[in-house]
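J.: All chains, full assembly: derive it from the sequences and hints.
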Amino acid sequence: MYQERLRIDWWTVAIWAVLTLLGILTIYSATYSSDHASLFDFSNFGGKQLVWAAVATLAAVVIVFTEPRFFSNGAYPIYGAILVLLVATLFLATVTKGGKSWIDFGAFKFQPTEFAKFATALAVAKYMSGIDVAWQQSRTKMVTLALVALPAALVFLQHDTGSALVFLSFVFPLFREGLSGVVLVIGVVAIILFVLALLVNKYILLGILAVLGVLYLFLWLNKRTARDYWRVIGVLACCAVFVFSVDMVFNHVLEAHQRERIDVLLGKSEDLRGSGYNVHQSKIAIGSGGFFGKGYLGGTLTKANFVPEQQTDFIFCTVGEELGWLGSTAIVALYVWLLVRLVAMAERQRSRFARVYGYSVASIIFIHLFVNIGMVLGLVPVIGIPLPFFSYGGSSLIAFTILLFIFIRLDASKNQLY
Amino acid sequence: MSDKYSDRSRVVKTIFIVVGVLFVGRLAMLQLFDPEYREAGDRQALRDVTQYPARGFIYDRHGKLLVHNEAVYDLMVIPRMVKDLDTDYFCQSVGITRDDFDQRIQKARKYSPFSASIFMKQIPKEDYARFENKMYRFKGFYISQRTLRIYDRPIAAQVLGYVGEVNQADLDRDPYYSMGDYIGKSGLEKSYEAVLRGIKGKKIMHVDVHNREVGPYQNGAFDTLPVEGCNLYTALDADLQEYAESLMANKRGCVVAIEPATGEVLAMVSVPTYDPNLLVGRVRGENYRKLDSNYGTPMLNRAMMGQYPPGSIFKVAQAVTALDLGVITPHSGFVCDKSLVGCHNHPSAQSVQEAIKMSCNPYFYQVYRRVIQQGRYKNIYRDSQYGLTVWRDYMLRFGFGQKLKIDLPRNGMSTGNIPDTSFYNRWYGRDRWAFSTIYSNSIGQGEVTVVPLQMANLAAIVANRGYYITPHVVRFYGPDSLQDDEYRTRHETGIKREYFDIAAQGMFDVVHVAGGTGRRARVDGLDVCGKTGTAQNNRDDHSVFIAFAPKDNPKIALAVYVENARGGGGSWAAPIAGLIIERYINGEVKRKDVEKMYREINPCQPPLPPKKKKK
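As they're listed, the protein sequences go chains L and S.
Start counting the first sequence at 134; every next residue gets the next number (the numbering used here).
Start counting the second sequence at 1128; every next residue gets the next number (the numbering used here).
Just so you know, the hints here were simulated from the structure itself, not pulled from any lab data.
For every residue, glycine included, the Cβ atom is placed at its ideal position computed from N, Cα and C.
There may be inaccurate statements among the hints.
Unchecked claim - Label-pair distances were calculated between CB atoms; the ranges are: (1) L/Pro210 / S/Gln1233: 57 to 63 Å; (2) L/Arg140 / S/Gly1152: 33 to 39 Å; (3) L/Arg360 / S/Ser1133: 27 to 33 Å.
Said to hold, decoys possible - So, partial list: chain L residues that the calculated Cβ filter (under 10 Å) puts toward chain S: (4) Phe308; (5) Gly426; (6) Ser461; (7) Val469.
As the list claims (entries may be wrong) - Straight-line distance between alpha carbons at most 20 Å, and here's what the computed EDC-like set of lysine to aspartate or glutamate pairs gives: (8) L/Lys547 / S/Asp1211; (9) S/Lys1248 / S/Asp1226; (10) S/Lys1131 / L/Glu480; (11) S/Lys1140 / L/Glu480; (12) S/Lys1266 / S/Asp1211; (13) S/Lys1140 / L/Asp142; (14) S/Lys1131 / L/Asp265; (15) L/Lys427 / S/Asp1211; (16) S/Lys1717 / S/Asp1366; (17) L/Lys427 / S/Asp1161.
T.: As structure tokens, this is what we get:
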């Protein structure tokens, strides 16, 4: 059998390695105290993360030496197994911080949610790569939707709303495969309307929308057909229904802490000691970093426990405080570089399976990055999801590494047919 | 591989890059431009400063200040923030040794490296002044102002109680407290802790690199103001309390004085006593140990915690009980037959009134027999059981045998003992005891014990002719808070007023008529009513006296108890009671020589050393 030499994309591997290493160092710093000073003390967070990184590296090596065919053929079985695990989690999980997503194995805890992401990516990629599949068919849309919605719903049932939102990232690979761009536009418009509906009087909002509609009809269009009128009326009607349902969703679907977090973000609530505390402290810590930062291990606010969850979801605070604007920008740039590179790599794939999977990888990392750093910077409501490769947590680090290295493996033999 | 949608990769890349740029811009805003966040960089850190509210003051019934506060300073440390410290210079400035420093910092670090703990507590103003201007050199250290209790007069120590640092049990019980906080440990300070303490406030301060507080964080958006504690307005009469303490000086025993109509405690003395200022500040620990190991148990509030045989004062309660039961009439007479029970030499009493005046033991032996053996059952054992149950029910209505619900800490309080049938059944066996076994109770000896507060309450009951209001020290607190319903409710004995009139007349005779046992309680121009008691015990007799005055519309009812006084109730307790009454009603005591004599003489046997606790 013809065996092509592996062409591993070393730049991507390098970015992964740098991010993981910086993560360990930052976790060590965030939880640093003079009482246990060694990074290699495996009872502290930094030391533990070092162990997880070793496990993740082992997983990466195993993946690199695995036949790509395994991932393509194994996509559905892996997906099925994860679904079973997610269902099992609902029954077995221990409750941690209001969520039910951890399975306790005694010595360590394991979060199946993290692994559902790459499993779903594999399944979607596998399905989209079928010979008889084209996005234009409604069956394709239904099946793809089901593949994504099923794990998302199970994760949602674990009260892990943040991780459930991550499944929205599949919009990007599907967009690449033919999903109408209108979906993206509608999504953005919906978010804007949601925010405005909470901030502005609904009748005034709808009035402005109506005026915009009229302006569109009479100033933008030269010729108006009956269809144009109906289209504008239809859009306005949809907006009206949406705007009026916002209150209902806000008050009855969202949970109290989610409502508070949104209120805080929108500046409607100044609960600085309650739900606004994290974000406010986080902004202070980052702001105090200035241009150059206070130096590694030099942070005072993140260490003095001003920022809760500083080693997990709020890890970026420590970066901001200790490495300053320069360091934070470098890390954001590193992530953007990785994302853009992944998209470019996805585009050079010869198989649709690898391309869809590549887009999925980039999008999943992107959503995490967007939500996590956005939250820390006070741009997005507080949603507890980790910063890929950076945040403390074994499940998260290992799952992201697997997610990324499967794609690196697929890319390494992109000329091979499987 | 390209297809018709491959251009869309640019859209996706653009979105990724735009978000990246957005983040970098936001970071620049937070870290480089927005002054609110940028300045926080210079300020280095925030510090939580607890704002301690001033503890409420305590006043007497005439508005005289009994307890107030004075500022002292706690030196606080946050171990993680201690940097570049010249330790020798620090030790020298603060006035501690290097070893001491190491110990203290180690203790603080053990508590928490990140949170503030007390490095050195209660530094007086003048000591603090010596290093106040050097504080900027001690990074990680700061000063927290606290208040100490100051007792204007060294009186009523056991009633006022003292304040001390919270212990682990307090911390576990109430999350309000944190390490190093103060809490009322005894007396009013403890029972009114929630009223006196107020509510702590919190101030979050920015601290600069020189360890100086540069200003409030977020203009105080997170701060909470402390709410000052409420003042207590007590019923105590400071002058009377001081006077009673001076009379009881050099003795062991107690005095409780009550205003009968309201149940307000005018004075509560327990001697030996101590200066409450001894249990304040940094000298507290050492003084506490000294006081605690003193044989005289100065920290014990005898008025509430002691239980004693009441002696003959108990006869007053027996008289009205027997009258109410109808087992005797006001004119029942009994021969003073010393073969039944010992007595002093006096003519036989022809009425209840006379019996009280002369305190005839055989008389009350007969009275008690009629109460206990009412002849309801042929079997004397069953008859005695029935009689004792009826009798006990009466005694409980006088407040005996139970903790009176006074507004002082009641956990160490005594109930006294009014024995019930199960008590004797346990002791002697069922149907193995009858009146002849328990007759000592009739004269306030035997198994009966009473708490001095209950004795004063008995005087108040007779003064009120049949009811009492639970004794209480505090009249009201805060601006307009009324006291509990408990302290406004009459507790009726259910015994007819006319019987109490007879008892009161008898008590009047005790003091005023020839042959009365308490004539040394007499005060010219006042109709003092009283009853003596001489309580036998395994050492010298206790001298007891209960009294009220005037006879009609009494203003004061009191009990005086002098332990092991080598004399009867008439010789020590009665004259002291007379002086206290004179002082309270007339405002001054004319009999200076009598006053001087009782102040100076100590009739009490010295206390016994406490038994060694078995370990």
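J.: Hint by hint, which ones does this structure get wrong, listed from lowest number up?
T.: 8
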